[in-house]
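Given these sequences and hints, build the entire structure.
Going down the list, the sequences are from chains A and B.
In my numbering, each residue carries its 1-based index in the first sequence increased by 5.
In my numbering, each residue carries its 1-based index in the second sequence increased by 5.
What the hints contain is simulated information worked out from the structure, not anything from laboratory work.
Be careful, since some hints might not be right.
For identical chains, the list gives no copy identity; a pair is met inside one copy or between any two copies.
Simulated crosslink set (SDA-like; lysine to any residue; CA at most 25 angstroms straight-line) [stated by the list, open to error]:
no., residue 1, residue 2
1, Lys506, Gln389
2, Lys232, Ala441
3, Lys232, Val180
4, Lys175, Ser642
5, Lys506, Ala403
6, Lys90, Lys782
7, Lys872, Asp692
8, Lys175, Gly897
9, Lys872, Pro643
10, Lys781, Val815
11, Lys437, Gly665
12, Lys781, Gln389
13, Lys872, Val645
14, Lys872, Ser642
15, Lys175, Glu915
Number of protein chains: 2
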Amino acid sequence: MSMTTDVPRTGFRWTMLFEEGDASMRDLLGGKGAGLAEMSRVGLPVPPGFTITTKACVAYMQSGRQFPDGLMDEVDVRMRAVEAKTGKRFGEAANPLLVSVRSGAKFSMPGMMDTVLNLGLNAQTLEGLIRLTGNERFGRDAYRRFVQMFGKIVLDIPGERFEHEIERIKARKRVRQDTDLDAGDLEALAATFKRIIKAERGVEFPEDPREQLRMAIQAVFDSWSGKRAVDYRTFHGIPHDLGTAVNVQTMVFGNMGADSATGVAFTRNPATGERVVYGEYLVNAQGEDVVAGIRTPKPIAELAREMPASYQEFLRVCEMLERHYRDVQDLEFTIERGRLWMLQTRTGKRTAQAAVKIAVDMAHEGLITREEALLRVEPGQIDQLLHPRFDQAAKDAATRRGQFLARGLNASPGAAVGVAVFDADTAEAWGKDGKAVILVRPETNPDDVHGMLNAKGILTSRGGATSHAAVVARGLGVPCVAGTEAIRVDPERRQFSVDGKVIRQGDYLSIDGGTGEVFAGQLPALEPRLEEQRELVELLGWADQTRRLGVWANADYPRDAARARGFGAEGIGLCRTEHMFFEEERLPVVRQMILSASEAQAAYDRVRAAEAALRQTPDDRQATAGLKEARRALKASPAVRRYESALAVLLRLQRRDFEGIFRAMDGLPVIIRLIDPPLHEFLPSHDSLLEEVSALRARIALIEGLPRYRPRRGQPTLERLRAQLRRREAELAAVTAMREANPMLGLRGIRLGLTYPAIIAMQVRAILEAACRVTKKGVRAIPEIMIPLVGHPNELRETHRTFSAVAREVLAREGVSVPYKFGTMIEIPRACFAAGEIAELAEFFSFGTNDLTQTIFGISRDDAEGKFLLQYVERGILPANPFQTLDHGGVGEAMRIAVERGRARRPDLEVGICGEHGGDPASVEFCHRLGLNYVSCSPYRVPVARLAAAQAALRERVAASRDV
Amino acid sequence: MSMTTDVPRTGFRWTMLFEEGDASMRDLLGGKGAGLAEMSRVGLPVPPGFTITTKACVAYMQSGRQFPDGLMDEVDVRMRAVEAKTGKRFGEAANPLLVSVRSGAKFSMPGMMDTVLNLGLNAQTLEGLIRLTGNERFGRDAYRRFVQMFGKIVLDIPGERFEHEIERIKARKRVRQDTDLDAGDLEALAATFKRIIKAERGVEFPEDPREQLRMAIQAVFDSWSGKRAVDYRTFHGIPHDLGTAVNVQTMVFGNMGADSATGVAFTRNPATGERVVYGEYLVNAQGEDVVAGIRTPKPIAELAREMPASYQEFLRVCEMLERHYRDVQDLEFTIERGRLWMLQTRTGKRTAQAAVKIAVDMAHEGLITREEALLRVEPGQIDQLLHPRFDQAAKDAATRRGQFLARGLNASPGAAVGVAVFDADTAEAWGKDGKAVILVRPETNPDDVHGMLNAKGILTSRGGATSHAAVVARGLGVPCVAGTEAIRVDPERRQFSVDGKVIRQGDYLSIDGGTGEVFAGQLPALEPRLEEQRELVELLGWADQTRRLGVWANADYPRDAARARGFGAEGIGLCRTEHMFFEEERLPVVRQMILSASEAQAAYDRVRAAEAALRQTPDDRQATAGLKEARRALKASPAVRRYESALAVLLRLQRRDFEGIFRAMDGLPVIIRLIDPPLHEFLPSHDSLLEEVSALRARIALIEGLPRYRPRRGQPTLERLRAQLRRREAELAAVTAMREANPMLGLRGIRLGLTYPAIIAMQVRAILEAACRVTKKGVRAIPEIMIPLVGHPNELRETHRTFSAVAREVLAREGVSVPYKFGTMIEIPRACFAAGEIAELAEFFSFGTNDLTQTIFGISRDDAEGKFLLQYVERGILPANPFQTLDHGGVGEAMRIAVERGRARRPDLEVGICGEHGGDPASVEFCHRLGLNYVSCSPYRVPVARLAAAQAALRERVAASRDV
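Right under this line is the structure:
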């Protein structure tokens, strides 16, 4: 379709009249030129003109800033054509033709020369203009503007030199606005401007309109190579050899009196999508005046009353352009003495809500197909529609009132309003009382989860996008602003401060997790619901009919599962069992399990070793005695007792959790991941224990050195301090023993399962017992048990033994048949290479792309995002944050290897992704191309993924049809 | 060559006479049978016999424990043949043939049935034996032994039942040794044994020799399927369907009087390799007696005097067997009434020293080729020859004397003897005074390096094989035992304790870094030197002529580089610049650099941003002022001053370091890696600062609460405490800001270089200035500058800019030409995938397989080795510790991809490996197959790698010739 290097059809080499081109010629005519051409071509009222092509600019640059042969001759011929159409003559006083000269590259680009208006004016033509309009001030003002623009833009004289003169004359005349200057003032100003130009550039201001035109064209060409434009292209990866086009167009004037006007409009409401022309205009004004905000423009509807004929014509044009472009258009127009002129058309930007409504409406109108409708909405946009959000206007107003406090990381989207609380207990208590609270912490840890569960929003001063706060918040769908470094949180005094302002417990806060903004006070929040968004529901329905990729959700709790299902999830791709451990009443039991695990396991191992020894030497007296002793020790071990009783409690609790999830997902698969995080995550913080122990030691030492010590009221005795120290020292020792230099790469995932098989046996039991029980009550439970962090197939083999022993036993005892699967996360590079062998045992793979990205890059997300990763993205060292958008060159390659090898060994292998990328549109497309069965993402991103998956399928079809 | 499934050539299906087989038939005859066959075949005096093949055993198992058709008929025929050869008759009293029945599988295997001797004895044949030998006690003892062995091994009756009876009779007769029992006692014992068998098994002891033989054969077959044998095979991956052979052989007796003897010998000295028969014998004894240690055997040389004829014959046999097998043999022999019989021959195990000497000697003797000689020495063995080491006998003696204290991780090989010191300062002071010291710490950190540099050995109670102590020690070639969990180190009291024993500062310690053993006191250590080991030097010379792979060394200091060169290193593959930072006098400067880096960089960035802003809006007053202010702030910044002055000092120091290394490696390439570790490694420990701050706070708070406080003599005042707290708090804040959750995956390597370009610019400058300066003095410096931790090609691109700017400037200023290269570590999985793009800029790759293994497995070595990795290896979940031997399935695959893609883009890409695997023989072979240019390892492992590389080349040639 594109005509990049074609010569104009007419035989001209460097120029095209508007009506000779069309919308497809963006490469040659630039975006603006193509729009003007298309409008001209279909017969809309466009002021006549022509475009100097990008080819001319390229030739100019290649020849060392020489106009290509014949360019100016062509321009002259084109000007004659324009004169013929307008009946005006360029440079003649009688009926002077004035033109605008505008740059227009393929991509709009800041730093390029913008616009010179009124070109063609000089002493003679100015007189003609004044005579023709009968309006001297209009004429003088037009000339003043022209000289000023030409001086600044074409001759590159600092704009402030001219502004300064305007300020001087206003000061002298004691007026405040430019409009208060009269014709004489403006005439004087133009003369001053020309003197400045002479002084600065050493030449007279060009009086010859053709010379003005030549200089303006050259200035546009030169601006392509300006530093700012070059930097911009380098940064955005736009080739430097495209060149820019130049549009030369007849001036029309909306400021020629009460029958003239100028305005901008959208063919539909860009905020709501409503099918009604939306815009504003000013009578007797020029384009810049609408933007300048000196006078208040009127809504476009009023034009129906003021200029009914022009209005009707404009509506027809809108209708026509929309039909023509098959999309909402953003238009500029001018009415000159009752005649409508179209100056620009381009695709209109719109809000998420409008995008959805317009796409669905247009499909219903038959303007576009459903497939096109699906492609019209940016999936990332619709995320906004599913979270509570603040109105931008409300935020702006709050900012003006000084309520803006700080900006942190946008860690979990959505708007939240509530009172600040500074500890989890209060958050829970107040939250349960029905108060809206925002939990504010330096950072969160597992001890805080019960508070987070009861908070409307979370605000932290430390931690990145995968800090505990961020991950938990996203899982819960609670808005979260993390790593807000500007605020200083003082949990002990229950307050935080920022720039001298102090927010105390109970003060209202509003946080926007989508932007990272934090405000004092209550901002009005909008609470949208999917079922109320008719068009979105319809569009997603079309998406479901189109996509091949399944969309599942990550959900740890029944209520999340239910929400996910409401958003259209077709399964649970990741249910993390350990988040259930973090709940307040469970944490002590979990800690009991952890602190006894190692000793208990040693006791089990001793019995097993003794059994093995006896098998080796069947009658050996020592071996027999050894086994007896090992069994006795096992029975007598308090650690074993504590371990097993904790496991029994957790079995009951987890079974109940899973029953709830199976009920919520009745008939849909639920992938449950066995325990993953390092156990020390469940223990008290090492540092606070160390602080406490050090302080206690110092205190005791000092007291011991005192001649006498009598504790004051409420103060502990030395004995009590010593007892406290002993307790804390024991805790510290336990925590220290579990500490790891790099917990991310330590004893977690399947490694835990192999070290403490009883824990995962308990979990498998809880899952399958829950499945059996709900099955007996008529629920269709489809559990899939997932092993995390597998690297070597033997790890899975070993785990599979534990798994199948428990599974056989539970199912036999319960006497129900449950369709279950056994599978694994693929989140370690080694697992990708070993995927073939792994697939021998694993019935499904789920890519844990968070960890896979961390290991493929060798980057700890927590550490990197704060320290260097975002800087990498900013500096262009990485094209995108690989934790948000799947990295094709590394992570994607590893995934491809895993899919190939896994499917080669097990053709019906179910493969999905449960990392955060599952909700990122670009990553969803990549997963589609990789042939995954589903993506799994947080419940709120399920609609996003449904649409992205449909778009991926559509784009694939287009590509396939292109290849045929 | 192998004849796994062939039938015996003679038409027999299940058996072969010894002389019918040969050494190649291990599959069919088992190891023992093949040895006997070979000796028989070449005409050595082997007691006649035959082998029942593994095929018979397989058939037996497959048919549900039924002897295959015709097996016993064949056995009968074979026995006739043996009778014919010996002139004896099986089961006849006149001249009874007695046989031994032994199992013999392809691989020797514990848990298999071992041996039944004297089979064929019953009441009649026993009388015949007594008559023939004229020695009743001999006969009765032979019978007692037979019944006992048969009962225990064939009939599976617990051995203690028989032992118990022997003890009883000895008690009754009040004698202590079996030899004190007389013929009558032994007769009674045999009768008792038979009663036990009757009672236990309900059958009479078989009197029919043929039935005895049948039962013994069946017992051997059954033992193949015994639990212990099955477990062993499962563990070692030996197929379960091989089956075992059974050897039936005429009994000969070394205990028939003064003209009989039995012994074991090596054809050369297995300890030293000396070419002289080495062994021992006992006159009038049976084989078991030599082992039992009841009588002291005599050196084999004495046989020359005692039985000159037999001795000469034995020497001839030794000579012949060595020539025949072309290797040292380990022999068993018996002399029965003056006649020599050979009972076993197998390849003799030998020490490292002997292995080298024997291989080189044999090549000189023309017995084997040089290639064979190279293949005869296990590369891992020769490592022992290059470190000081303890004699095993000395260790055993020390253990008997109770000096053994504990066993830790064998972190850095070699023996060290010295006095214990518990802090680095003392270690340095005493070490510089010429004292041999062993530095004992709970664990080490950079603060300890100056002490480690001056210690003979290092002992820690915590940390794995890549703990700081282990890595630094290996780098320095200092013996180290790490993670010795049994000892409790108390640095404050300058002592450690283990099992109640206490070692104090100044007490002597001996540690063996090759085995992890720790002894109290001084053990004699042997100090070998390469040049003194003539044969080793010669062998390595042959290796150098054979290998294709280069062998380089990792060395951080000139003295290491010199040592590496002495060991034959052809370059430095890894010179870590940061270890130089750890030295005591530099650490303060390094800390100054680190603590000012972030603020200084921010000041630089602000100037750069202001410059950019001004370029965007060239005349903007605000932008101009902004730049001015940024420049002023930069100039005024104390952080910038501190940063730049620290960098200037380090530049001088590093330049001197590099000059030394270039001198040591004159004419050879030196790869210098720019700074890699996270900066906080250079700072004081967070935990100790936190302890100190907490203690100070508690102390101050308590003092403030006291009615009055007057510090005692030497105690600080409250003011001094407060000042101290402020200082420590500031330090703690700085350290905390740099803390990382997973430092291994954090801000290190090239990420540091991109964050603080001034640091790597300083390093590049130091390297190139050093190269230029030594070049001017006639040294040939070949620097290769290596960037660590590259993941994305853009990281390298960006760094290359800094690099080439500095390089151009330095070389231009110095006016010398230096051949330098720019390259990168490949240690991040993503770099393997992106190797093609990376090779566009990188002139060399060096695989950092330590980090690559960590990231490919997602395993932090420090955390894993202590917690689960060694258990993984023990349990067979991993075939080997991937940090010692390259993992082919994951890490190897990633390396293969990197080599392919890198070489595709840059065919002359120099590719090496500098991880610890570079010194592991199996990994060296893998690197050879991968086509790397060189391996780089610690200096002491250079000879190991030279030999391993030669072997890899040889094995490749063999494989290639096989394929042709």
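Consistency of the hints with the structure:
In this assembly of identical chains, Lys506 and Gln389 lie within 25 angstroms of each other by CA distance neither inside one copy nor across copies; the values are 30 angstroms within and 69 angstroms between. Proximity of Lys232 to Ala441 under the C-alpha cut-off of 25 angstroms is found in neither arrangement, the shortest distances being 52 angstroms within a copy and 67 angstroms between copies. For the identical chains of this complex, Lys232 and Val180 are neighbours neither inside a copy (38 angstroms) nor across copies (108 angstroms), given an alpha-carbon limit of 25 angstroms. When the C-alpha separation of Lys175 and Ser642 is checked against a cutoff of 25 angstroms, the pair qualifies neither within a copy, at 95 angstroms, nor between copies, at 44 angstroms.
For the identical chains of this complex, Lys506 and Ala403 are intra-copy neighbours only, at 15 angstroms inside a copy versus 72 angstroms across copies, given an alpha-carbon limit of 25 angstroms. In this homomeric assembly, Lys90 and Lys782 never come within 25 angstroms of each other (Cα to Cα): the closest approach is 83 angstroms inside a single copy and 83 angstroms across copies. When the C-alpha separation of Lys872 and Asp692 is checked against a cutoff of 25 angstroms, the pair qualifies both within a copy, at 22 angstroms, and between copies, at 22 angstroms. In the homo-oligomer, the alpha carbons of Lys175 and Gly897 never lie at most 25 angstroms apart, since the shortest distance is 63 angstroms inside one protomer and 78 angstroms across protomers.
For the homomeric pair Lys872 and Pro643, the shortest alpha-carbon distance between copies (23 angstroms) is at most 25 angstroms, but the shortest distance inside one copy (45 angstroms) is not. When the C-alpha separation of Lys781 and Val815 is checked against a cutoff of 25 angstroms, the pair qualifies only within one copy, where the shortest distance is 14 angstroms, while the shortest distance between copies is 80 angstroms. For a Cα distance limit of 25 angstroms, the shortest separation of Lys437 from Gly665 inside one copy, 21 angstroms, qualifies, whereas the shortest one across copies, 71 angstroms, does not. In this homomeric assembly, Lys781 and Gln389 never come within 25 angstroms of each other (Cα to Cα): the closest approach is 41 angstroms inside a single copy and 67 angstroms across copies.
Within a single copy, Lys872 and Val645 get their C-alpha atoms only as close as 44 angstroms, which misses the 25 angstroms cut-off; across copies the closest is 20 angstroms, which meets it. In this assembly of identical chains, Lys872 and Ser642 lie within 25 angstroms of each other by CA distance solely across copies; the values are 22 angstroms between and 47 angstroms within a copy. Proximity of Lys175 to Glu915 under the C-alpha cut-off of 25 angstroms is found in neither arrangement, the shortest distances being 75 angstroms within a copy and 73 angstroms between copies.
In terms of the numbered hints stated before, the structure departs from hints 1, 2, 3, 4, 6, 8, 12, 15, listed from lowest to highest.
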